[in-house]
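As given, the protein sequences belong to chains A and B, one line each in that order. Residues in the first sequence are numbered consecutively from 1, following my numbering. Residues in the second sequence are numbered consecutively from 1, following my numbering.
No lab work stands behind these hints, which were simulated from the structure alone. Predicted model, so just to flag it, every value in this text is computed and none were measured.
Identical copies look the same in the list; a pair holds intra-copy or inter-copy alike.
Restricting the straight-line Cα-Cα distance to at most 30 Å, the calculated cross-link-like pairs of lysine-lysine (BS3-like) are:
hint, residue 1, residue 2
1, K18, K203
2, K145, K171
3, K145, K231
4, K365, K265
Chain by chain, the residues:
2 protein chains.
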Amino acid sequence: MLSAEIIAIGSELLTPEKSDTNSVWLTERLNEIGIEVKMKTIVGDDAARLEKCIRDAVSRSEIILMTGGLGPTTDDITRECAANALGRELEYHDEIEQHLRERFRAWGREMPEINKRQAFVVAGAAILPNPNGSACGMLIAENGKYLAIFPGPPKENQPMFLNHVLPHLDKLTGDVYVRRRVVKVSGKGESAVDEVAAPIYSKFSDITTSILFNKSEVEIHLAARADSPEKAEKIAAEAAEEVAAALGSAVFSTNGETMEAVVGKMLAERGETVSTAESCTGGLIAERLTDIPGSSAYFMAGVVTYSNQAKIRDLGVPVEIIEKHGAVSAECAEAMAAGMLERAKTTYAVSVTGIAGPDGGSDEKPVGTVFIGIADAHGVQTKRLQIPGDRFLIRWRASQAALDILRRRIIHHDTSAETASKG
Amino acid sequence: MLSAEIIAIGSELLTPEKSDTNSVWLTERLNEIGIEVKMKTIVGDDAARLEKCIRDAVSRSEIILMTGGLGPTTDDITRECAANALGRELEYHDEIEQHLRERFRAWGREMPEINKRQAFVVAGAAILPNPNGSACGMLIAENGKYLAIFPGPPKENQPMFLNHVLPHLDKLTGDVYVRRRVVKVSGKGESAVDEVAAPIYSKFSDITTSILFNKSEVEIHLAARADSPEKAEKIAAEAAEEVAAALGSAVFSTNGETMEAVVGKMLAERGETVSTAESCTGGLIAERLTDIPGSSAYFMAGVVTYSNQAKIRDLGVPVEIIEKHGAVSAECAEAMAAGMLERAKTTYAVSVTGIAGPDGGSDEKPVGTVFIGIADAHGVQTKRLQIPGDRFLIRWRASQAALDILRRRIIHHDTSAETASKG
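Next comes chain A alone, as it looks inside the complex (with noise of 0.2 Å):
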């Protein structure tokens, strides 16, 4: 298997304000057609470490993939120190000064001296164009290695990576492709998930697998490499398919959607509707349900009722209830889903109450205190659940469980309508 690694340069890079996040993207395409990175280096505007960091590189690694510090001032050093490393010259190139100055021209200005600095290559390389900026890319074939150089901007390192690069290691790694599938769980452990799926993904030979624990859902990372991309993603698809089997419906997706993309799919299918009635959630749930684009369709109408006065005048909460079982409790989560239900007729209303903390917790509904409701024609049903974390943990955990409520109400309804139709 092809090694490879990545350098990100820039001294920002290295300041608490700023991180790589290039490698992410690019790490996943070599992952793709099975090329695996080795290391990740970020590396400041300091000449004499770059240069020796490239070296390193060069000296162990099949392909070294740079970002950064390619533009026009006198801290962008990689043009430079790539040079010295490989103990290649930098070679002027007078097209590329023309058409910077066409650019600079094309936007009604007069292209700055400095930039000439980027009309500079390295002695050898293959140019690569950069339509979305003005620093133009490098890809240097070196004793049967790659080092390729990039612009630091996603926009303008992406599509030269996918267009001028990906073509030339595609090549390099033969007939070896990876495709990947996440399957997304609800309301299990990592290790009651892995219990049962380690049985199943072991029985894949060509499968890498990982399970992360994500804020408030399991992922199983499913890898499966094979000679052709159709076979790679039969196999991972096939992979996901007897895993999803064997959870059942705690997996929510066999591909990586979120939960709110998942409900959306479902409601919109079905033609079904949505409601939301939120206290400790504060509108993060009908938030989540509106970020995904035609959400209006199913999507309807939601409450954030923060307070008691807003949760009796809103959703006609009796002051009975509030009183007696106060505005944290099964009663009330019941009665805001239903008084919304009444409210915006729609399918299903969803409610949510509880104590998201730091403070408002006692002995008897500690912190993480929340009560979920759920309301459709046939009924209402309230679920009470304890969650850890802090605040910002509990909330979303709150909405995940809601929405995860949800759809299992979702998957019943069919269920239920079926038995109706043959009962």
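Using the hints provided, position chain B relative to the given structure of chain A.
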């Protein structure tokens, strides 16, 4: 100035799913005491590469911080590689094993034999206790240089760094302290901000400045260097205040706070309240306001009126307005804000209606057209915006603009109340 480098260890950090976040936090802490991070390396569970990496780091940097690879399994190779790179032995510490056995017993489990690996320590290293996990850290002094090894999880390595490593580094750097301030500016472009700010921050000789554009706001990062923390703090605060004074009401924070925290604090201080009526932002404004602990003191209620019926039913928007001007119009935003104020009886009501895309745009009202309304006892104002970006950015920027308009209205309230009492 002392220089440091950070090595993050673990093959999972070289996949698209995971990335190293420890180094950002460590960089921030190092910067505060005047230590610059010159390089970051991310290396997998590959002994040869890791050893070479450590050797290189020791040869060029005064301080080397390493995270990860201290677990009990055989792919946790940091202990061995560090020992080899430094030419030292690994020593078995019986007291670490005993401590581990007790930890496991306290959880009601027997220590698996494999955890014995965690009792090995590089010869001569100071052992850094880990109250939050099973892997202890190490601090190694080598020819006046420091090499610290931490476990990967932030909740384990952060207290370890603060309690056991920072005090040593602090002595090393002597009297150099760096303190940061972040001035946040809304409603102005990067270059317009810098034109005003540059003449001010350039006067300060001990300040490094960087200007970043972050989704919907310009951030001016000021790092002040001095020979005491108090002096550094004072210089940073002075520069931040001077810059803020020059930029006027466009500045919403001189201390890096979020817009929702700033607005929340202003409302809480004044004993005022707010409610929201959202269409295209889908609950995002309510969600951001309620993200702040204690927000129930000022956030009363919100509605997400996504459908036209909901706008009419829940906010009393007249049918004629929607028929004549459309749901995305200044008139509708005005009626939404007025309706919400009437209903929730808050000091302010904020409304947003717009086209977040990707569909729904027209020549007259393209994607990104957003109307914001704000209502209070003095009346209703509206503002039309044309927001660039994709659906995510349009929604985010619309929520930011709405919160900023609320912020300016609160300030204006103060001024007009003063004028009234003076008159």
